[in-house]
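Asker: What follows is the residue order along each chain.
2 protein chains.
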Amino acid sequence: MSVTAAKGFTAAGIAAGIKENGNPDLALVVNNGPRLAAAGVFTSNRVKAAPVLWSEQVLKGGLVSAVVLNSGGANACTGPKGFQDTHATAEKAAEVLGLNAGEVAVASTGLIGVLLPMDKLLPGVEQAAEALSEHGGEKAAIAIKTTDSVHKTAVYEGDGWTVGGMAKGAGMLAPGLATMLVVLTTDADLEADILDKALRDATRVTFDRVDSDGCMSTNDAVLLLASGAAEVTPEYAEFAAAVRTVCDDLGRQLIGDAEGASKDIRIDVVNAATEADAVEVGRSIARNNLLKCALHGEDPNWGRVLSAIGTTSAAFEPDRLNVAINGVWVCKNGGVGEDRDLVDMRYREVVITADLAAGSETATIWTNDLTAEYVHENSAYSS
Amino acid sequence: MSVTAAKGFTAAGIAAGIKENGNPDLALVVNNGPRLAAAGVFTSNRVKAAPVLWSEQVLKGGLVSAVVLNSGGANACTGPKGFQDTHATAEKAAEVLGLNAGEVAVASTGLIGVLLPMDKLLPGVEQAAEALSEHGGEKAAIAIKTTDSVHKTAVYEGDGWTVGGMAKGAGMLAPGLATMLVVLTTDADLEADILDKALRDATRVTFDRVDSDGCMSTNDAVLLLASGAAEVTPEYAEFAAAVRTVCDDLGRQLIGDAEGASKDIRIDVVNAATEADAVEVGRSIARNNLLKCALHGEDPNWGRVLSAIGTTSAAFEPDRLNVAINGVWVCKNGGVGEDRDLVDMRYREVVITADLAAGSETATIWTNDLTAEYVHENSAYSS
Numbered sequence: 006m007s008v009t010a011a012k013g014f015t016a017a018g019i020a021a022g023i024k025e026n027g028n029p030d031l032a033l034v035v036n037n038g039p040r041l042a043a044a045g046v047f048t049s050n051r052v053k054a055a056p057v058l059w060s061e062q063v064l065k066g067g068l069v070s071a072v073v074l075n076s077g078g079a080n081a082c083t084g085p086k087g088f089q090d091t092h093a094t095a096e097k098a099a100e101v102l103g104l105n106a107g108e109v110a111v112a113s114t115g116l117i118g119v120l121l122p123m124d125k126l127l128p129g130v131e132q133a134a135e136a137l138s139e140h141g142g143e144k145a146a147i148a149i150k151t152t153d154s155v156h157k158t159a160v161y162e163g164d165g166w167t168v169g170g171m172a173k174g175a176g177m178l179a180p181g182l183a184t185m186l187v188v189l190t191t192d193a194d195l196e197a198d199i200l201d202k203a204l205r206d207a208t209r210v211t212f213d214r215v216d217s218d219g220c221m222s223t224n225d226a227v228l229l230l231a232s233g234a235a236e237v238t239p240e241y242a243e244f245a246a247a248v249r250t251v252c253d254d255l256g257r258q259l260i261g262d263a264e265g266a267s268k269d270i271r272i273d274v275v276n277a278a279t280e281a282d283a284v285e286v287g288r289s290i291a292r293n294n295l296l297k298c299a300l301h302g303e304d305p306n307w308g309r310v311l312s313a314i315g316t317t318s319a320a321f322e323p324d325r326l327n328v329a330i331n332g333v334w335v336c337k338n339g340g341v342g343e344d345r346d347l348v349d350m351r352y353r354e355v356v357i358t359a360d361l362a363a364g365s366e367t368a369t370i371w372t373n374d375l376t377a378e379y380v381h382e383n384s385a386y387s388s
Numbered sequence: 006m007s008v009t010a011a012k013g014f015t016a017a018g019i020a021a022g023i024k025e026n027g028n029p030d031l032a033l034v035v036n037n038g039p040r041l042a043a044a045g046v047f048t049s050n051r052v053k054a055a056p057v058l059w060s061e062q063v064l065k066g067g068l069v070s071a072v073v074l075n076s077g078g079a080n081a082c083t084g085p086k087g088f089q090d091t092h093a094t095a096e097k098a099a100e101v102l103g104l105n106a107g108e109v110a111v112a113s114t115g116l117i118g119v120l121l122p123m124d125k126l127l128p129g130v131e132q133a134a135e136a137l138s139e140h141g142g143e144k145a146a147i148a149i150k151t152t153d154s155v156h157k158t159a160v161y162e163g164d165g166w167t168v169g170g171m172a173k174g175a176g177m178l179a180p181g182l183a184t185m186l187v188v189l190t191t192d193a194d195l196e197a198d199i200l201d202k203a204l205r206d207a208t209r210v211t212f213d214r215v216d217s218d219g220c221m222s223t224n225d226a227v228l229l230l231a232s233g234a235a236e237v238t239p240e241y242a243e244f245a246a247a248v249r250t251v252c253d254d255l256g257r258q259l260i261g262d263a264e265g266a267s268k269d270i271r272i273d274v275v276n277a278a279t280e281a282d283a284v285e286v287g288r289s290i291a292r293n294n295l296l297k298c299a300l301h302g303e304d305p306n307w308g309r310v311l312s313a314i315g316t317t318s319a320a321f322e323p324d325r326l327n328v329a330i331n332g333v334w335v336c337k338n339g340g341v342g343e344d345r346d347l348v349d350m351r352y353r354e355v356v357i358t359a360d361l362a363a364g365s366e367t368a369t370i371w372t373n374d375l376t377a378e379y380v381h382e383n384s385a386y387s388s
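Protein chains in written order, with my numbering: chain A, 6 to 388; chain B, 6 to 388.
One or more of the hints may lead you astray.
Note: identical chains are not told apart, hence a pair may lie in one copy or across any two.
[Said to hold, decoys possible] In silico lysine-lysine, DSS-like type, Cα no more than 30 Å apart, as pairs:
| # | residue 1 | residue 2 |
| --- | --- | --- |
| 1 | K65 | K268 |
| 2 | K337 | K202 |
| 3 | K202 | K268 |
| 4 | K125 | K86 |
| 5 | K65 | K12 |
| 6 | K268 | K337 |
| 7 | K337 | K125 |
| 8 | K86 | K337 |
| 9 | K86 | K65 |
| 10 | K65 | K202 |
| 11 | K202 | K125 |
| 12 | K12 | K337 |
| 13 | K268 | K86 |
| 14 | K202 | K86 |
| 15 | K12 | K202 |
| 16 | K86 | K12 |
No wet-lab data here; the hints were simulated from the structure.
Could you put together the complete structure from these sequences and hints?
Answerer: Structure (structure tokens):
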């Protein structure tokens, strides 16, 4: 499954020794064609890691033959030497695979501000090239994990064509994409500009609406590669829906595995004047630490929801706001609604519905609760 | 001290029974003149509590004779009944003090979405009026506490005149003011428009730059009352500096007592192109949960600082950024700087210096770390 579900792709995941604990830390995905079309979406953080700067250039050509991904080090804030290291990684992959380095994308994840151990990474690229397989998708997905507790893959089967993918990410998930590496592959026969449109349409309503902790990474990358090996060109709408489905599935898996979380929180903003209003309100609710703590304590504290809505510029009247938690309208017309004791908070998934009573647009944002485990995991991360 | 340090003021703090645990929960501050000038700054949250809506109207006249403050209930999101309750509170104070209700400001803090027990609050106003004293400032400061572990007061002695004040707040501190009630008093003889200017100039660079957890309250209010009893009219610059000093002192006390915090974090943004850039960058750093966790773990994780700067629209070049933590320049020119092991993180105060290398403007933002205790306190708050 994963990135090798679609025809025309091989992949590998190996332990190169970048991670001191010996876990898999290097993945390679190769597009064997006949087509080598690709699109990419990268972090909107202005402090970008070396592999992001490199891969943005590679993607401009709309052609990617291979992707090298490593965990165990982000290669971010590493200066000119960090960029040279990314370049050397692409050169090494190109050398062993018989490609041009300008067709090799690179992605990294892990600690910021630390140079990668190139004496381990470059031999690892050789080792991964030797391990390439049509069944290597799962191993590749495992090798890109950092604090992820499980590897994440998804597949959509079209009529004679397939979209598959893998993702890593378990925190630092925020709009504009976040420490999240995603590689999607398809054997559909499509040109780069179609891939680009489908990928942007999909990420805008999936990964961009996953906001675990409001923190945006320096390293996010989502790549979509097409091999054309299925010799089928689906309709745009069908293909775009397939990409969106796979992105939605992976995004949901990221939230389900967020660092230290005990709740997956779905925020449906409804009856907004504009979609932008709905997204702004959803993000404000998703980033309210006090609400995230309250939901962790299974407390349907709707006052926190109203406080968060009140900080936005969205169109609404305070005394027309309604809020439901798990289907119980605990706030009606800006005041006390149904009995909060009716809200059943025992389950992992919590649904907050924020009714702005200002129009007919909607948006859904996913986030997590804030827990002592999140604090613990992130206060001990680099030590 | 507190609100009775300045001449012309009496105050009281009593237990009216609003809090179920019997702790003091009602404060009264009375301006006995001869002047009754006043200014106020309120939350910029668009979901405003009933007492904020009421007091904003009272302050428009620039004249306040008394302030009733209660803890134990925010009277926010309580609809028309909540507003009627605030009005009744002002009427009761006016009745027992022989004033017009339109001269009585009201402030509340506590749980959102719960009506106040007026059968306890109104008799409490009578009881507080009977307890009014020139030495009542400290008791008033104690009665407005919610989760505050200590009461907060400050005094500035001018040449023949005084500015004193009290504050409560221990979380939910954010720009635009946050669950923070502050009453400042002075016996200087000044008109309302001068008070208003001095108060806005002060809060802009003090309370507005205190951001404990990024959450903005529905109830914030900062009031400044002048009695003229000292019969002295100081120069504006001197008076403004006094108000700023008292606000700065109280703001620093709020950070020092923030819910569950183990670190007070001072963020100095330097060499910014504009003051607005410096403030935007400071707030972005202050709100980065991953950084706040890292600092809790005494980990000088400067990569989190760069990630946070990268999400802003401030003028900077990523490869010219410098970051110091407790004086050690751990990041130079966007990359690795001095040895992070040199950073001594043992003390409660942490100073982060973010050098944008883009100009000469500066701003300081104060925040706290994110701790398991914060999560615990806020997941159990309403239960």
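Asker: Which hints, by number, does the structure contradict?
Answerer: 1, 2, 3, 11, 12, 13, 14 and 16
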